[in-house]
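Asker: Using the sequences and the accompanying hints, generate a full structural model.
Here are the chains, one letter per residue:
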Amino acid sequence: MTSQSLTSSEGMPSDFAFTEEVEISGHIIDSLILPKVLDSITAGGGRFRIANVTIGQSRHDPSYAVIEVSTPSEALMEKILAQIADHGAVPTTKQDCRRALADMDGAFPEGFYSTTNQRTEIRLNGHWIEVTDQEMDCGVVVEEASGRVRRGGREIETRRDSSTWVVRCIPMIDVKRGMSIVTGHAGVRVFPVERVAVRSDFTFMSSGVSTEKPKGALVREIARDLVTNRRGGGKTLVVGGPAIVHTGSGPALCQLIRGGYVDKLFAGNALATHDIEQALFGTSLGVHLADASVAETGHEHHLRAINRIRRCGSIRGAVEQGVLTSGIMYECVKHNVDFLLAGSIRDDGPLPEVITDVLDAQRQMRAAIRDVTFCLMIATMLHSVAVGNLLPAWVKVVCIDINPSTVIKLSDRGSFQTVGLVTDVEPFLRALVQEVQELEKAP
Amino acid sequence: MPPQPHILMCPPDFYGIHYEINPWMDMSRQAEHAVAVEQWNALHAHIRAAGARVSLLEPVPGLPDLVFTANAAMIYRQQALVSRFRHRQRQGEEPYNRRWFSENGFEVVDVAENFSFEGAGDALFCGDTLYAGYRMRSDAAGHQEIGRMIGCRVIPVELVDARYYHLDTCFCPLAEGEAIWFPAAFDQYGQRAIREHVGQSLRDCRFRVRRGGRDYMEPLIEAEQAEAERFACNAVVVGRRVITNTGCDRLHAALAERGYEPIATPLDEFVKAGGSAKCLTLRLDGEEAASWRSH
Chain Z
442 MTSQSLTSSE GMPSDFAFTE EVEISGHIID SLILPKVLDS ITAGGGRFRI
492 ANVTIGQSRH DPSYAVIEVS TPSEALMEKI LAQIADHGAV PTTKQDCRRA
542 LADMDGAFPE GFYSTTNQRT EIRLNGHWIE VTDQEMDCGV VVEEASGRVR
592 RGGREIETRR DSSTWVVRCI PMIDVKRGMS IVTGHAGVRV FPVERVAVRS
642 DFTFMSSGVS TEKPKGALVR EIARDLVTNR RGGGKTLVVG GPAIVHTGSG
692 PALCQLIRGG YVDKLFAGNA LATHDIEQAL FGTSLGVHLA DASVAETGHE
742 HHLRAINRIR RCGSIRGAVE QGVLTSGIMY ECVKHNVDFL LAGSIRDDGP
792 LPEVITDVLD AQRQMRAAIR DVTFCLMIAT MLHSVAVGNL LPAWVKVVCI
842 DINPSTVIKL SDRGSFQTVG LVTDVEPFLR ALVQEVQELE KAP
Chain C
-7 MPPQPHILMC PPDFYGIHYE INPWMDMSRQ AEHAVAVEQW NALHAHIRAA
43 GARVSLLEPV PGLPDLVFTA NAAMIYRQQA LVSRFRHRQR QGEEPYNRRW
93 FSENGFEVVD VAENFSFEGA GDALFCGDTL YAGYRMRSDA AGHQEIGRMI
143 GCRVIPVELV DARYYHLDTC FCPLAEGEAI WFPAAFDQYG QRAIREHVGQ
193 SLRDCRFRVR RGGRDYMEPL IEAEQAEAER FACNAVVVGR RVITNTGCDR
243 LHAALAERGY EPIATPLDEF VKAGGSAKCL TLRLDGEEAA SWRSH
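Chains as they are written, first to last, in this note's numbering: chain Z, 442 to 884; chain C, -7 to 287.
Some hints here could point you the wrong way.
[As the list claims (entries may be wrong)] No farther apart than 25 Å at their CA atoms in a straight line, the calculated lysine to aspartate or glutamate pairs in the DMTMM-like style are these:
| hint | chain 1 | residue 1 | chain 2 | residue 2 |
| --- | --- | --- | --- | --- |
| 1 | Z | LYS535 | Z | ASP546 |
| 2 | Z | LYS520 | C | ASP179 |
| 3 | Z | LYS535 | C | ASP102 |
| 4 | Z | LYS520 | C | GLU24 |
| 5 | Z | LYS676 | Z | GLU509 |
| 6 | C | LYS264 | C | GLU105 |
| 7 | Z | LYS535 | C | GLU105 |
| 8 | Z | LYS520 | Z | ASP502 |
| 9 | Z | LYS535 | C | ASP153 |
| 10 | Z | LYS676 | Z | GLU879 |
The set of hints was computed from the structure by calculation and includes no laboratory data.
Since this is a predicted model, take the numbers as computed values, not measurements.
Answerer: Pasting the structure below:
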């Protein structure tokens, strides 16, 4: 299958204010139905943009196109829509969504609707229903539920006497044969994040990634958001890489944890290992953090650290047994910060809490991010991208990395909500803590 | 060895012009019943003589158009995709059609409720492709749905002349890469789609004409307007025999030149209702031109 984009003109001038999305499928190329529909739109005085087209590869494969029609008036829109409806082009919002039953476990039916991270609704029996557990790159499953159903990773009670639709995003891997999966674009509408209320104090940073931004002002804004989020009862997630420890910014993060600014921490084996190495031996990757000198046999420190924790049974156990008495992981245990460590192929040890099954890790992360309202991603590409994929578009994300490509990569993966800051971790966290302290002093 | 051709017909016991749902119908110009019966019997005899077995759908009082069995369903292997008529006047035929197919070993298949679909009147196989007429009686989106259901390529073509309200009044597949057609019944896109696809996938297309010392492949026979109005394109094809209404001499000459055996039989009483030979029949074992019949 191939995709391409085509427009009837360079952009759409603002006087073409009325827009409607239509879809058409079948052998629309061979039968010339697609060019005919496009010609009808332009001949009728409208404009089009092909939002999505999938061309069948063999003679028998149908093709599929989603076309955005724009007109200067509603009357003209109605006229054009009526004309092209005769050729089989139907507005996606004027029909119920189509569904197909999953014919096997672990895979969607062909033609499944692939989700975005934006707020989405689907139409069932003429009613629009919001999709829950919004996540990009998933499918949408429709369940007619009465009694107990799973939603947002937990079970909820629905009234037994009425049947309710439960509509949620579902990753491919969790599909079970017989599930009713939404197919095509018909009866699906997506609300871009701009249409969801975005607070004005955050919008000025929505210009993507730049090394040229005034960092002081950005850090102040991030601090303000962190404080506002905590005061408003929101949940802040920190996704961190080991550079936090290597650069000596562990104490700054510990300060934020102690201040109650961190509710959850996602990381890999490395962050926790080097943090614990630092707590037990004063080194990170064998380097003394105090004077940057290399410790003798320091390369063994991280392995000895992991070993000591494994002997305690867990990080929490090590804290309770008085073995681990400082550092990020210690503060997490002491301040009830939920931490989730996801493993990778090159891990040493790993630490006992590290989840080594990536699908299991993904599932647990998915369940843990449901109530997150603000996310700080610090110096980790792998975990940032993983979390960026899971978060819905309306969760504010700040990504800090010395490497612009990490921040760009996250934006490229469709996490439009990401605000990027290209900077070294240590001065950032130091400045952030200062700004937060300033704000705390203010009434 | 392909199975014996099998055709469904319905005797014209209750046939007449009882309403007007196409430009041919005029209640002030009634069909002469006795003549219609005679013409139908002659067509029936020609079809039998061509080697086909004929099954009969029992006529029903008050359903004059039940005689046009081409509109009962579209046949695909053992499936009968039953019609959902556009006009209220013909919707009464639907339960009788369904019953006949289910009682005669066919799996009755419905197309989606929101579409009109008038069976083989608007859906004809030529090779592995289903050509499907739309706008007048059937819906383009419904045809695409059928393509998905049976997994074949569908070329919907728009019908633009109300006199040719069904595809089978202006397009008649003869063999896998050969068809009769009346181009003016289609819009530009439909004409191009038919020209581009009929016969183009067959290297061994039998229609070759010699011009200026060279052989040209010519998969399409164009009916002239005067003969199209005599329903030249509404032909019953059984093997190499092609049965049409009378008055289609030029078409018959072209068919004979290409090795077909054209047969003329008068069907004027049915033309009064907008139908002719093909409309009065439904091929139950697959049209000659349908590639799934032999594969």
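Asker: Taking each numbered hint in turn, which are not upheld by the structure, reported in ascending numerical order?
Answerer: Checked against the structure, the hints that fail are numbers 1, 4, 5, 6, 8, 9, while the rest are satisfied.
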